[in-house]
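Number of protein chains: 2
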Amino acid sequence: MASVIANMSMSLDGFVADPSDSVDLLFGWYFTGSVPVPTADERLTFQLSDASAKHMRKVQESVGAVICGRRLFDVAGGWGGRHPMGVPAFVVTHEAPRDWNRPDAPITFVTDGVASAVAKAKATAGDKTVAIASADITRQCLDEGLVDAIQVDLVPVLMGEGIRFFDKLSKMPVTLDDPDVVAGTGVLHLYYPVLK
Amino acid sequence: MASVIANMSMSLDGFVADPSDSVDLLFGWYFTGSVPVPTADERLTFQLSDASAKHMRKVQESVGAVICGRRLFDVAGGWGGRHPMGVPAFVVTHEAPRDWNRPDAPITFVTDGVASAVAKAKATAGDKTVAIASADITRQCLDEGLVDAIQVDLVPVLMGEGIRFFDKLSKMPVTLDDPDVVAGTGVLHLYYPVLK
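Quick mapping for you: the protein sequence lines, in order, are chains A and B.
Its first residue numbered 17, the first sequence is counted upward by one per residue in the numbering used here.
Its first residue numbered 17, the second sequence is counted upward by one per residue in the numbering used here.
Chain A with its partners taken away, still in its complex shape (with noise of 0.2 Å):
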């Protein structure tokens, strides 16, 4: 089965954006090494250093699906329609769109909550991963113990303000054990299994 795993750029204070959602602070290790690795996105073509092309492609290769909140979609304009990890993308929102004229893409919106879009994405991914690619949803996940692993990639700066990657939790302790390692320039990218 799937396993689920929530994955962000956080600053070592926590945050995953700052106040206006900006993430130019925590962004920088995607386009400042030296290796270029494509996205399933033509326009987007990652710049890593040589430690994280490695774990990026490992990610890209074990990803079978993504869980993402309706804001990004909007903000993203669906990806044109292909989102840039090459998978099926699942939006969980309210409402799907009345204008979204790209029926035939593998994109899906859930209406009934994150539990069921776990659900849809873990059948779709197969024996691969499911990422969730938002602190919102993230944060309703871990409440409904749906998530197997968190993917940090800390990067180096201190913000002081914006958006947490983890707030409002209602069930705490989420306990976590030792992470696997892998130090990048500007980003170290620890992933820790959750201990359920």
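Please note that a few of the clues may not be correct.
Repeated chains share a single entry, so a pair holds when one copy, or any two copies, can fit it.
Unchecked claim - Listed below are the simulated EDC-like cross-link pairs for lysine to aspartate or glutamate, each with C-alpha atoms no more than 16 Å apart in a straight line:
#1 Lys187 <-> Glu177
#2 Lys184 <-> Glu58
#3 Lys74 <-> Asp143
#4 Lys187 <-> Asp34
#5 Lys212 <-> Asp193
#6 Lys184 <-> Asp152
#7 Lys74 <-> Asp196
#8 Lys212 <-> Glu177
#9 Lys187 <-> Asp159
#10 Lys212 <-> Asp159
#11 Lys184 <-> Glu160
#12 Lys136 <-> Asp40
These are calculated hints, taken from the structure and not from any lab test.
Knowing the structure of chain A, use the given hints to seat chain B on it.
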């Protein structure tokens, strides 16, 4: 000149104590390993993993003075007159305690702010380091540009609430260099130089 290093155990979501000031969820790594590491307080011996023991001995050898806040001093009962690190301690406070009966102890009360405490501790530490062991004093020192490095002992737990290591910073962002990493058991030791 002595480097000033802020050092605390922190949960992955940024807390250094729970809402009742307990560090039970964070200090397990100090007492669950197989390697005894004595401190200057003969009543206190750490039990560390091999990796953390090696790391801790380096810290013990490198620290020449510590700075802490009044609350920690009070909670610790003044460490019986001798800080566990075995080095002079500088306690930042609004007013020195009137009932302190150990004028011979290597403990100095600093009533004129953190910059003064840092200057005094640096003069004492010589070519060793000054350790800050307080979130509140770390914040004040970061705001005044007095911190050279941040040593986070990152504990694999999400606490959800409590006292944050980095809170209400007034000068943002604080840019750090990539960390030195030592993987212990129940803790990841991360040493981040502050870029100025």
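Cross-check of the supplied hints:
1. Lys187 <-> Glu177: Classified as between; 11 Å across copies, 24 Å inside a copy.
2. Lys184 <-> Glu58: So Lys184 and Glu58 fail the 16 Å test inside a copy (37 Å) and across (41 Å) alike.
3. Lys74 <-> Asp143: Intra 15 Å, inter 44 Å, cutoff 16 Å: intra-copy only.
4. Lys187 <-> Asp34: between (25 Å within a copy, 14 Å between copies)
5. Lys212 <-> Asp193: So Lys212 and Asp193 pass the 16 Å test inside one copy only (10 Å; across, 34 Å).
6. Lys184 <-> Asp152: Only inside one copy: Lys184 and Asp152 sit 10 Å apart there, 23 Å across copies, limit 16 Å.
7. Lys74 <-> Asp196: Classified as within; 13 Å inside a copy, 24 Å across copies.
8. Lys212 <-> Glu177: Classified as neither; 31 Å inside a copy, 20 Å across copies.
9. Lys187 <-> Asp159: within (6 Å within a copy, 34 Å between copies)
10. Lys212 <-> Asp159: For Lys212 and Asp159, only the intra-copy Cα distance (12 Å) is at most 16 Å; the inter-copy one is 39 Å.
11. Lys184 <-> Glu160: Within one copy only: 13 Å inside, 31 Å across.
12. Lys136 <-> Asp40: Answer is neither; intra-copy 32 Å and inter-copy 38 Å both fail.
Going down the numbered hints, you'll see the structure goes against 2, 8 and 12, while the others check out.
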